[in-house]
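There are 2 protein chains.
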Amino acid sequence: MIKEQIPDIIVGRLPRYLRTLLILRETQTTTNSKELGKRLGYSAAQIRKDLSQYGEFGKQGTGYNIDFLIDSLNHILNTDRNWDILLVGVGQLGHAILNYTGFSKFGFHIRAAVDINPNVIGKKFNTCVVQDIGKMKEIIEENQIQIAMLAVPAENAQETAEKLVEAGIKAILSYAPTTLSLPPEIRVEYTDPLISLQHMTYYL
Amino acid sequence: MIKEQIPDIIVGRLPRYLRTLLILRETQTTTNSKELGKRLGYSAAQIRKDLSQYGEFGKQGTGYNIDFLIDSLNHILNTDRNWDILLVGVGQLGHAILNYTGFSKFGFHIRAAVDINPNVIGKKFNTCVVQDIGKMKEIIEENQIQIAMLAVPAENAQETAEKLVEAGIKAILSYAPTTLSLPPEIRVEYTDPLISLQHMTYYL
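Going down the list, the protein sequences come from chains P and V.
Going by the numbering used here, the first sequence opens with residue 169, and the numbers climb by one from there.
Going by the numbering used here, the second sequence opens with residue 169, and the numbers climb by one from there.
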């Protein structure tokens with residue numbers, strides 16, 4: 169299996185499968201494509217087809233062993249290890265991100281945060297102290313951080329993202345309401361509720 | 169054109185086109201599929217194909233008039249009007265949502281917020297006062313609210329979402345880290361940074 173040859177749309181569904189399996193595991197040890205499909209709103213055939221890209225996880229008639237499928241998906245997604253994250257921008261949203269504890273139980277740890285605002289620099293949170301944005305490159309290199317969360321205003325997002333890439337960041341989760349233009353090898357994901365709202369109203 | 173027949177994957181790209189056009193409008197009056205594609209990371213052909221689902225927006229050689237395309241996309245997405253939103257759950261994340269002013273300039277107004285916690289009920293924010301979750305149905309009906317943001321813990325999300333649907337909500341933007349199982353006519357979008365992180369690490 170060559171990971172890069174599998175369509176990204178399939179890859180994007182794997183974390184959702186994982187999420188659902190973690191919920192199912194609380195009450196059962198096996199599941200099947202029909203049950204997963206029903207929970208996720210996909211067809212059973214879709215789920216079988218997606219998973220078959222990565223191997224043989226279930227048996228005709230007995231379905232999937234949940235623990236095994238969770239371990240396999242974590243291995244495929246590289247989420248069977250810990251990841252350090254740099255947060256750029258500690259405004260209102262950045263504060264909420266730093267106070268939120270939901271990432272770390274899945275292995276994502278915000279190890280450092282930077283901002284340009286002197287009123288925020290030095291502020292202490294659970295896992296880190298906010299540092300000057302001028303130290304960004306140094307922090308990334310010293311800690312070999314590959315993932316950044318971008319929570320700066322839209323007008324600063326592109327410039328900041330370029331600096332992150334120069335400093336060695338390989339993946340950016342952007343909260344900024346703008347589209348970033350970066351080299352194709354950099355993974356960019358957007359968390360953008362406004363886009364989701366505008367998508368929904370199409371159907372209303 | 170019958171809206172429901174156009175693949176949802178195309179619909180999902182329209183808000184991103186709109187976003188990019190709004191940025192381009194600050195400095196120019198026309199654009200073309202090549203420029204849009206470059207900014208968004210899609211091919212020019214993809215953009216022409218997507219837009220052609222909805223009509224003829226550009227002319228060979230002269231490209232797109234940005235104002236016209238923005239107006240057209242807003243009309244297609246139903247974002248040329250105002251929408252009222254109910255926020256369910258005013259914890260840490262809910263506070264950040266209520267304090268955030270970025271939605272309203274795009275016509276999305278949080279008109280009401282509800283929570284179960286007596287310490288939060290009665291708390292006043294820019295646009296609303298937090299009310300008891302017991303009044304949810306009444307609030308939705310009285311204000312004819314169609315869109316809800318769900319910011320409750322994962323374990324309460326499904327039950328709360330079902331109550332929202334019973335009360336008349338047609339679209340839910342869920343911040344809860346779980347997958348909702350709702351009737352197919354209900355639009356559900358997830359804003360879930362964890363899913364995005366797990367998607368990115370696949371490639372790292």
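FYI, nobody ran anything at the bench for these hints, they're computed from the structure.
Each hint should be verified, as a subset may be incorrect.
Since copy identity is lost for identical chains, a pair holds within one copy or between any two.
Keeping only pairs whose Cα atoms sit at most 30 Å apart, straight-line, the calculated DSBU-like set for lysine-lysine is [claimed, not checked]:
{"no.": "1", "residue 1": "Lys206", "residue 2": "Lys171"}
{"no.": "2", "residue 1": "Lys206", "residue 2": "Lys338"}
{"no.": "3", "residue 1": "Lys217", "residue 2": "Lys202"}
{"no.": "4", "residue 1": "Lys171", "residue 2": "Lys291"}
{"no.": "5", "residue 1": "Lys331", "residue 2": "Lys202"}
{"no.": "6", "residue 1": "Lys206", "residue 2": "Lys291"}
{"no.": "7", "residue 1": "Lys305", "residue 2": "Lys291"}
Hint check:
1. Lys206 <-> Lys171: This pair counts as both: shortest intra-copy Cα distance 27 Å, inter-copy 25 Å.
2. Lys206 <-> Lys338: between (35 Å within a copy, 20 Å between copies)
3. Lys217 <-> Lys202: within (12 Å within a copy, 34 Å between copies)
4. Lys171 <-> Lys291: Classified as neither; 41 Å inside a copy, 49 Å across copies.
5. Lys331 <-> Lys202: between (46 Å within a copy, 25 Å between copies)
6. Lys206 <-> Lys291: Neither, since 46 Å and 39 Å both go past 30 Å.
7. Lys305 <-> Lys291: Intra 20 Å, inter 41 Å, cutoff 30 Å: intra-copy only.
Going down the numbered hints, you'll see the structure goes against 4, 6, while the others check out.
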